[in-house]
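2 protein chains.
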Amino acid sequence: MVRRGRRGPRVEVSTEKYRHLVNPFEPLRILSDDQVAHIHNTAVRYLADEGMRVLLPDARSILADSGATVDDEDVVRFDPDVVSAALGSAPSKFEFHAPNPARNVAIGGRNIAMVPVAGPPFVSDRLNGRRYGTLTDHENFVRLIQSFDVMAVTTPAIEPSDIPVNVRHLRSNFSTLLLSDKVPFIFARGSQRVRDGFDQIKIRLGIHTEEEFALKPRTWTNVNTNSPRQLDIPMAMGIIDFARAGQACIITPFTLAGAMAPVTLAGALVLQHMESIAGITLSQLVRPGAPVIYGSFTSNVDMKSGSPAFGTPEAVKGAIASGQLARHIDIPWRSSGSSTSNTVDAQGGYETMMNMFGAIQGGANWIMHSAGWQEGGLTASYEKFILDIEMCQMFAETFSPLEVNDDELATDAISAAGPGGHFFGLDHTLERYETAFYDPIVFSRANFEQWTQDGSQDAAERATKIWQQTLADFEPPPVDAAVVAEMTSFVDRRIAEGGAAPD
Amino acid sequence: MVRRGRRGPRVEVSTEKYRHLVNPFEPLRILSDDQVAHIHNTAVRYLADEGMRVLLPDARSILADSGATVDDEDVVRFDPDVVSAALGSAPSKFEFHAPNPARNVAIGGRNIAMVPVAGPPFVSDRLNGRRYGTLTDHENFVRLIQSFDVMAVTTPAIEPSDIPVNVRHLRSNFSTLLLSDKVPFIFARGSQRVRDGFDQIKIRLGIHTEEEFALKPRTWTNVNTNSPRQLDIPMAMGIIDFARAGQACIITPFTLAGAMAPVTLAGALVLQHMESIAGITLSQLVRPGAPVIYGSFTSNVDMKSGSPAFGTPEAVKGAIASGQLARHIDIPWRSSGSSTSNTVDAQGGYETMMNMFGAIQGGANWIMHSAGWQEGGLTASYEKFILDIEMCQMFAETFSPLEVNDDELATDAISAAGPGGHFFGLDHTLERYETAFYDPIVFSRANFEQWTQDGSQDAAERATKIWQQTLADFEPPPVDAAVVAEMTSFVDRRIAEGGAAPD
Numbered sequence: 011m012v013r014r015g016r017r018g019p020r021v022e023v024s025t026e027k028y029r030h031l032v033n034p035f036e037p038l039r040i041l042s043d044d045q046v047a048h049i050h051n052t053a054v055r056y057l058a059d060e061g062m063r064v065l066l067p068d069a070r071s072i073l074a075d076s077g078a079t080v081d082d083e084d085v086v087r088f089d090p091d092v093v094s095a096a097l098g099s100a101p102s103k104f105e106f107h108a109p110n111p112a113r114n115v116a117i118g119g120r121n122i123a124m125v126p127v128a129g130p131p132f133v134s135d136r137l138n139g140r141r142y143g144t145l146t147d148h149e150n151f152v153r154l155i156q157s158f159d160v161m162a163v164t165t166p167a168i169e170p171s172d173i174p175v176n177v178r179h180l181r182s183n184f185s186t187l188l189l190s191d192k193v194p195f196i197f198a199r200g201s202q203r204v205r206d207g208f209d210q211i212k213i214r215l216g217i218h219t220e221e222e223f224a225l226k227p228r229t230w231t232n233v234n235t236n237s238p239r240q241l242d243i244p245m246a247m248g249i250i251d252f253a254r255a256g257q258a259c260i261i262t263p264f265t266l267a268g269a270m271a272p273v274t275l276a277g278a279l280v281l282q283h284m285e286s287i288a289g290i291t292l293s294q295l296v297r298p299g300a301p302v303i304y305g306s307f308t309s310n311v312d313m314k315s316g317s318p319a320f321g322t323p324e325a326v327k328g329a330i331a332s333g334q335l336a337r338h339i340d341i342p343w344r345s346s347g348s349s350t351s352n353t354v355d356a357q358g359g360y361e362t363m364m365n366m367f368g369a370i371q372g373g374a375n376w377i378m379h380s381a382g383w384q385e386g387g388l389t390a391s392y393e394k395f396i397l398d399i400e401m402c403q404m405f406a407e408t409f410s411p412l413e414v415n416d417d418e419l420a421t422d423a424i425s426a427a428g429p430g431g432h433f434f435g436l437d438h439t440l441e442r443y444e445t446a447f448y449d450p451i452v453f454s455r456a457n458f459e460q461w462t463q464d465g466s467q468d469a470a471e472r473a474t475k476i477w478q479q480t481l482a483d484f485e486p487p488p489v490d491a492a493v494v495a496e497m498t499s500f501v502d503r504r505i506a507e508g509g510a511a512p513d
Numbered sequence: 011m012v013r014r015g016r017r018g019p020r021v022e023v024s025t026e027k028y029r030h031l032v033n034p035f036e037p038l039r040i041l042s043d044d045q046v047a048h049i050h051n052t053a054v055r056y057l058a059d060e061g062m063r064v065l066l067p068d069a070r071s072i073l074a075d076s077g078a079t080v081d082d083e084d085v086v087r088f089d090p091d092v093v094s095a096a097l098g099s100a101p102s103k104f105e106f107h108a109p110n111p112a113r114n115v116a117i118g119g120r121n122i123a124m125v126p127v128a129g130p131p132f133v134s135d136r137l138n139g140r141r142y143g144t145l146t147d148h149e150n151f152v153r154l155i156q157s158f159d160v161m162a163v164t165t166p167a168i169e170p171s172d173i174p175v176n177v178r179h180l181r182s183n184f185s186t187l188l189l190s191d192k193v194p195f196i197f198a199r200g201s202q203r204v205r206d207g208f209d210q211i212k213i214r215l216g217i218h219t220e221e222e223f224a225l226k227p228r229t230w231t232n233v234n235t236n237s238p239r240q241l242d243i244p245m246a247m248g249i250i251d252f253a254r255a256g257q258a259c260i261i262t263p264f265t266l267a268g269a270m271a272p273v274t275l276a277g278a279l280v281l282q283h284m285e286s287i288a289g290i291t292l293s294q295l296v297r298p299g300a301p302v303i304y305g306s307f308t309s310n311v312d313m314k315s316g317s318p319a320f321g322t323p324e325a326v327k328g329a330i331a332s333g334q335l336a337r338h339i340d341i342p343w344r345s346s347g348s349s350t351s352n353t354v355d356a357q358g359g360y361e362t363m364m365n366m367f368g369a370i371q372g373g374a375n376w377i378m379h380s381a382g383w384q385e386g387g388l389t390a391s392y393e394k395f396i397l398d399i400e401m402c403q404m405f406a407e408t409f410s411p412l413e414v415n416d417d418e419l420a421t422d423a424i425s426a427a428g429p430g431g432h433f434f435g436l437d438h439t440l441e442r443y444e445t446a447f448y449d450p451i452v453f454s455r456a457n458f459e460q461w462t463q464d465g466s467q468d469a470a471e472r473a474t475k476i477w478q479q480t481l482a483d484f485e486p487p488p489v490d491a492a493v494v495a496e497m498t499s500f501v502d503r504r505i506a507e508g509g510a511a512p513d
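Just so you know, the sequences run in chain order A and B. Here my numbering is used: the first residue of the first sequence is 11, the next is one more, and so on. Here my numbering is used: the first residue of the second sequence is 11, the next is one more, and so on.
What the hints contain is simulated information worked out from the structure, not anything from laboratory work. Computed from a predicted model, the values in this text were never measured in an experiment. Treat the hints with care, as some may be off.
Put simply, identical chains are the same to the list, so a pair is met inside one copy or across any two.
The calculated lysine to any residue pairs, modelled on SDA-like cross-linking and capped at a C-alpha distance of 25 Å, are [unchecked claim]:
id, residue 1, residue 2
1, 314, 458
2, 475, 434
3, 314, 157
4, 103, 409
5, 314, 444
6, 314, 483
7, 314, 474
8, 314, 466
From just these sequences and the hints, can you work out the full model?
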């Protein structure tokens, strides 16, 4: 967290207008209301008739207590009435409370949160290539995330593989909570780690009791079911622990059509829907009203290689349908930006935009991996992060209203310019010029000659300078020294105790 | 037109499912109905009160005969009732008839035609760099356009600067009409050139009279007004000549906010709307019912350099609003894909997608420059053409319905896979695997190791091979030898006559 010297002109990063985004566009529909209801009903009926395997005994007990049946193979069959009641108790809107109240995030309705890359084992940048991520990389990504207001919250951007697994969560939470004042993420990797994370957040927020902590959503996690039809132990623990603590859980089946899900999109959606509502039901049985987000990540395998593909047309269609399914049960919806490309190239741009198109026009409230995600999620790219920030900011600009009034209609300016004239020097232009249009951070609008003179750099090359400069300019948010001290001693103590054993 | 030898596996290019595209999504709205009406009424009133300068005497006469006033500075003030009648007589739908009837293109309603790059002076590819375009480049682009069904029609993809101006239209029309059986374009660069183009098309179609030619729309042009508020001589001639011949004219004000249009988006839209409806009015006075398309190209200048910027958030908003304005007057709408980037990089991908997002979700019927447009329209890129084809095909895939029935819901397959299982080997998967998902032509889905082994090529590098292979595989459409002979002798005669003098 050492402050680095400035190397160039400050990057214009903090633009509060990109906080608290609201998507004004009516969500797209790809399914009729009847089709939506049919997929929903098929999923509910299947959960009742065939059920889902739940590997955590505690979770099976909670479900059995609700009236579900559990067979010898740990398959739980859900009572449709219980599912229905659970979907009814899950909130349709809630608000995350951040360490800095200006960073609170409203979830649901037309609110839309762009969320950075989360979890890749590798990092990549143009100077150092692709390698396993370290705590330094994680910290750098938190600095970048904190710097750009269009990123609504922080994530575990990179897996810091240089830190032993038993203390990794302690170290990365510590960095995240001191380098950012945005809503933090906690991995659902077992109850001890979750408890440690909650404790670290409490210290950061000056909260001393579990009751006070549970009053508001202050942190979030993402639980991926083991599609098809299985909920593993740490994931079920995560749902239970987060619900008990009144914290937000996104339940995201990873339904890759043709591999872990049916090859047909409707089939993948049925599977996604049943798994997500099974997880939501578990959370609501633990604590009715616990904040949850309906997660979708339906994409498909590549037909030639069988490997996962992202930014596909099938993913777009799946996203739009998923938004309809989430609205059918009136629960906030999480989608994703993502790409398959192995490098920072045009393919990555098209693919990410394709997925963002499905997410944004589908009406997503929470768009994971909207900046920095590369190589099917295996790599967090510094350069792609910057390019995706540009994209997210451009989308945010499209959400602002198109004003229609006499000043904006500008007929006086049209008369002043005259036939065949121009608008460059008019007062109407000069008064508005500096703020009229989006001003890019990395996209070049130089003409070919100027661009050639400047070294013919493509967007990825320019992005290197932007992330370097942003890191050089970074200033961490103010945190009370006593809080830092308490956080430090907590981590020291827990490391001395051995951290958390593998689950 | 020599057939080249094959160099590699044939590129899967011709997929008839990408012909006759229909966009199933409800168009986005950024303006209220009142705002749309207010912009329209402001434009109509302004045309009546302040008018538009028209440089062609014939055009002024036609307008004056309709009741418009013409002042000493050739400014024409339009009667609102005449404008209203003209907008009423312009067709809301029509169909282009191509040399090959399977390539006919329906315009209007939810029909959507993706149209390739048109008109850049430069071409670029990774092997030969950026240079002035030649007839060979033009022919190569026609071959590429003909090869991919997702391109609805042909364009004057590149300006063939190696051909003298007086005969350039003859030579490039000749190539276009023999290398493709799609609907051809004719430049509105003066009446002689238009007449030559119509004559060449008549020979290709076996049509012997102007009356028969005029029965159906068989060719199209694009007229850019000289924003602000001026219609120049060849453009006005184009509107008149195309209307007289019953051929389609797109009237596209090039309203760049902050330069040739007000710095405010509503102002740029007022200007765009008045210029477009002025052109449409002229066409309908010449021939009521002449096919026209409402063109929009509202984008903005870069705030730092004053140069044009494409793929901007302002362009997206302008596109969505333009779609609403076009639907308000019930005339088919043309929008554009385009980008500012000077090279085939991520920026170009994001920008093109951003514009396509505005065009497609705005409900465009005709998307110009949707493949190959680079560097603000100054360059046609061979590699970007291929990447954009991938994009267009992916969008086309999103238009196909998401089927919901027992087979597609696949609950039997979900049961067969079992909890924690997979779907790879199931009959349900194997029966559908080959056609279930979009199969990319240039996007790589190899994992990082495989991709590295294959040479770590980015998308632009791979695209080089695809256009080369597509050209190597190209087979021109069948054309009767007598027709070729007649076309040849027409061109020879017209060249001997000196072609067309500059207008």
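Verification of the supplied hints:
no.	hint	in the structure
1	314 <-> 458	between (39 Å within a copy, 16 Å between copies)
2	475 <-> 434	neither (31 Å within a copy, 44 Å between copies)
3	314 <-> 157	between (40 Å within a copy, 23 Å between copies)
4	103 <-> 409	within (20 Å within a copy, 31 Å between copies)
5	314 <-> 444	between (50 Å within a copy, 9 Å between copies)
6	314 <-> 483	between (45 Å within a copy, 22 Å between copies)
7	314 <-> 474	between (34 Å within a copy, 21 Å between copies)
8	314 <-> 466	between (36 Å within a copy, 19 Å between copies)
Hint violations for this structure: number 2 only, all remaining hints satisfied.
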